[in-house]
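Asks: Sequence:
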Amino acid sequence: MRHIVSATFGLCLAVAGMAGAQPASRSAVVVELFTSQGCASCPPADDFFAELVSDPDVIPLALHVDYWDYIGWEDKFADPAFTDRQKAYARMAGSRMVYTPQLIVGGLDRVEGNQPAEVKALIRRHLDAARAVTLTLERQGDQIVIRAVSQRAFAKPVRVQLVRFRPEETVTIERGENAGRTVTYRNIVTSWQALGEWTGETPLAVQTPAPGADPAVVILQESGPSAILAAARID
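Here this note's numbering is used: the sequence shown runs in plain steps of one and ends on residue 236.
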């Protein structure tokens, strides 16, 4: 069943309060890396992905998949939900295959393997594209206030999503294709939560729990998953 965002949160804020909101960051390009500790081809892409972490125009998110675990090393960051998300992207592209490593730029563009030049070009293209949605975040204790304005209503409601991630962790891999490697992973996604949907007809003003020290990202994305209309990070 589809839930419109105001009903999902149950906590609507007055639109007048939006005037004082300060953006956590300007809307950045989300780059999703589908990777695995058990995949021999992944470390070079993991290294390139780590370079993106310092770019303020990019929100890099690493989603560890579970379909390499059978090789002999269980990726402790893996989540079947991340495998499902990658498969959903494949279905949207009309593909029956998923790959690791794979990067998705802006919810639309798929890059298989370690292709830094191609990914950087796609990031620039997404940054240059006109944006119809303005998104701001504000932390209030264990809550995050989400505010957004769209220049137009959407043909279909977009998904409001909350992502939490661990900035860094080093792992020594003892078995499988990467046995003997010690790898430092960055921006490891720990949860990806759908909060509700937004039509864009009126400004969005809601708040949601976000306890703990891990940074948070809010993503407004067309269903599918498809194009990401806006994204912002807050620590």
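Among the clues, some could well be false.
What follows is a set of in silico ranges between Cβ atoms, one per label pair, in the way DEER data are often shown [said to hold, decoys possible]:
no., residue 1, residue 2, range
1, 183, 157, 25 to 35 angstroms
2, 114, 157, 29 to 39 angstroms
3, 200, 92, 36 to 46 angstroms
4, 225, 114, 15 to 25 angstroms
Calculated directly from the structure, the hints in this document are not laboratory data.
Quantities reported herein were computed from a predicted structural model and do not represent experimental measurements.
In this text, a Cβ means the ideal position worked out from N, Cα and C, and glycines have one as well.
Asks: Now tell me, hint by hint, if it's right for this structure.
Replies: Here's how the hints hold up against the structure:
no. : hint                          : result
1   : 183 / 157: 25 to 35 angstroms : 45 angstroms, violated
2   : 114 / 157: 29 to 39 angstroms : 32 angstroms, holds
3   : 200 / 92: 36 to 46 angstroms  : 24 angstroms, violated
4   : 225 / 114: 15 to 25 angstroms : 23 angstroms, holds
Of the hints listed earlier, those the structure fails to meet are numbers 1 and 3, in rising order.
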